[in-house]
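Colleague: For reference, the chains in residue letters:
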Amino acid sequence: MIATTNRIYQIFKQQREKKNPEKLMNLFITAGYPDLDSTVDLVLGMEENGADMVEIGMPFSDPLADGPTIQFSSETAIDNGITLEKIFGMCRQIREKSGIPIVLMGYVNPVLHYGAEKFMKKASEAGVDGLILPDLPIEESYLIEEARKAYNIPQIYLVAPNTSDERMKTIDKKSEGFVYCVSVTGVTGAREGDEVARSVNRFIDRVNENITENPKMVGFGIKSHRDAKLIAEKVEGFIVGSALIDTIREHYPRDGWKEKVFEFVHELKYGN
Amino acid sequence: MLARIVRNSKSKIQNFLTKLEVNTIMKYEAPTKQGYYGEFGGKFVPEILIPAIEELEEAYLEAREDREFQETYESLLREYVGRPTQLTFAPRLTEYFGKAKIYLKREDLCHTGAHKINNALGQILMARRMGKKRIIAETGAGQHGVATATVCARFGMECTIYMGAEDMERQKLNVDRMRLLGAEVLSVESGSQTLKDATNEAIRDWVTHVDNTFYIIGSIIGPHPYPMMVRDFQSVIGREVKQQLQEREGKLPDYLLACVGGGSNAIGLFYPFLEHDEVRMIGIEASGLGADTGKTAATLAKGTPGVLHGTRSYLLQSDEGQVELAHSISAGLDYPGIGPEHANLFSTGRAEYHGITDDEALEGVKLVSELEGIIPALETAHAVQYLETLMLDTDEDEILVLNFSGRGDKDMTTISNQIVR
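First to last, the protein sequences are chains A and B. Note that the working numbering gives residue 1442 to position 205 of the first sequence, counting from 1, and the numbers run on in steps of one. Note that the working numbering gives residue 79 to position 5 of the second sequence, counting from 1, and the numbers run on in steps of one.
Among the hints, a few may not be true.
[Stated by the list, open to error] 25 Å max Cα-Cα, derived DSS-like pairs, lysine-lysine:
#1 A:K1334 to A:K1497
#2 A:K1411 to B:K107
#3 B:K107 to A:K1410
#4 A:K1506 to A:K1255
#5 A:K1411 to A:K1355
#6 A:K1250 to A:K1406
#7 B:K107 to A:K1406
#8 A:K1506 to A:K1256
#9 B:K107 to B:K246
[As the list claims (entries may be wrong)] Calculated from the model, a selection of chain A residues having no Cβ within reach of chain B, i.e. all distances over 10 Å:
#10 E1254
#11 D1274
#12 T1320
#13 Y1388
#14 T1400
#15 R1404
#16 A1480
Because the hints were derived from the structure by calculation, they are not lab data. Since the structure is predicted, the reported quantities are computational estimates derived from the model, not experimental observations. C-beta atoms are modelled at their ideal positions from N, C-alpha and C, and glycine is treated no differently.
I would like the entire structure built from these sequences, with the hints used as guidance.
Modeller: Here you go:
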């Protein structure tokens, strides 16, 4: 069970208590991209511009569930010298100034290599609220479960359009915080919004039938406020990653690049 | 009296059962239902691929018991691949060392020039059985790519091969072969531009086109059931050796020797002998410039347990758990991981693994070319050169089988540059 003090739990609870709640916006950025110094500022600025939660990507040399955009940001961040220690440091800095829920997202190998127990301890001390490991499905989650539970770090699992009803129910039981709904089959990255919206409708209906214990956030392929409104209509929130990284890539390192990124974030949440 | 008889027979039955139990324990059974070989293996894949590997597992377990499927496979191995391959006695090599008798299992004589086609053929039959229309594969040296393109041509199926840009450069001939066979060869520019990155890209393709696409993995890596399925298809090598040696020598081999990258040719040879404790099994990794130089592919010697490409095994990785670039003169061994079953055989000590450097492998090329008139693939040459060490341990009345996994034609540019001049 997720602790009621957990910040992810809290924001969904607050959302439920509102009369006409907005969709929650969860933004992904790669730690150490575009440089080591910007990650904390980006998170704080994104929060000011409407982000309700952030996913901080822990770069891995072989991001096989990611498209070209996040491959690029991961590679750059590794070249910049990102390490797990530095990522925990960034989380601590964010925590000094903000109560935004922080989810760490990455591949399981660096976590195992660092040591699951040590990882969870440091994450907990740094104020991390959850963990997403796309290559650690429920079958293999035993590898980190004990450590995770010892330090109260929830694991957020994913469901995809080809996940069976039965499996969605199982994942709902195992997932804590929310369930991450991957709206299309494929790697992370930009797709045409209308195409996504059409194919995603039936999937979301199935998600709502089978996932009843957790809030749901939908991601993969959202590029604009309009995409988000369409796709997240029947769930609690949406996740944007690649489109945000692309925006950073477009403007960095020109003067005022962060402001451009924050404008994009603001538009994502509130529209023009 | 009667009680005593009952007691006696009871204890006899118990003895018998105990013996049975011992025999059962000795039987080699791996992987588990969850796809584990000891602590290695499993299925570390994104949720999107779970239905695909579950569907494959179910279909494969059915096919394995299906006589018609097996007969089709065997008849294609016979007519199309040219099996059984010869078990060639190597008289001059044997004489050169003056120790155990050396036999070469001639996988180089398979259609397309290496053992890879045993597996590609088995998997394309699975793809057909499952109604998949499109085939994808990764390739390093290009041998698996060629084998896959070949069976795709044979069955008229659409074929896309992912290959690292650097590998395309050094194995140009194989790129041309694949294209001639009708395959689309896509250059992978990400990361190290070798087999590891080609595999990432193939997995991304699979994730995106999972409904109609079958991924033919070339070695005993990847998520369960791949390592098991590839092993089963390659184990025709060891089964033939067992039978051929029985006919020739009336006994089991004392030593089995094979090169190991992912490890499919080695496991194909080892697997049918795993229950015979008296058979010593030796796998040879590529040390590259030397195991301690940082330019190596000796995963078991220098790696630690980790997760890559859907499986938990040994891995060359940095302090941060980032996968390191492997190096070997042989593109087919240039991989920072190894099949989970080898990781387990290594940790249990059932098989032993040693390293051979780039330079030593080139010596191996010369040795077997000059003494037996057979030019080996650079991969195979690693196993050949280890004879220099291993033969010292052997006796004249013993028998060694070396898996001659592939022929050297594809490597002639590299070989020419290095030794012929």
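Colleague: Tell me the hint numbers this structure goes against, listed in increasing order.
Modeller: 9, 12, 14, 15
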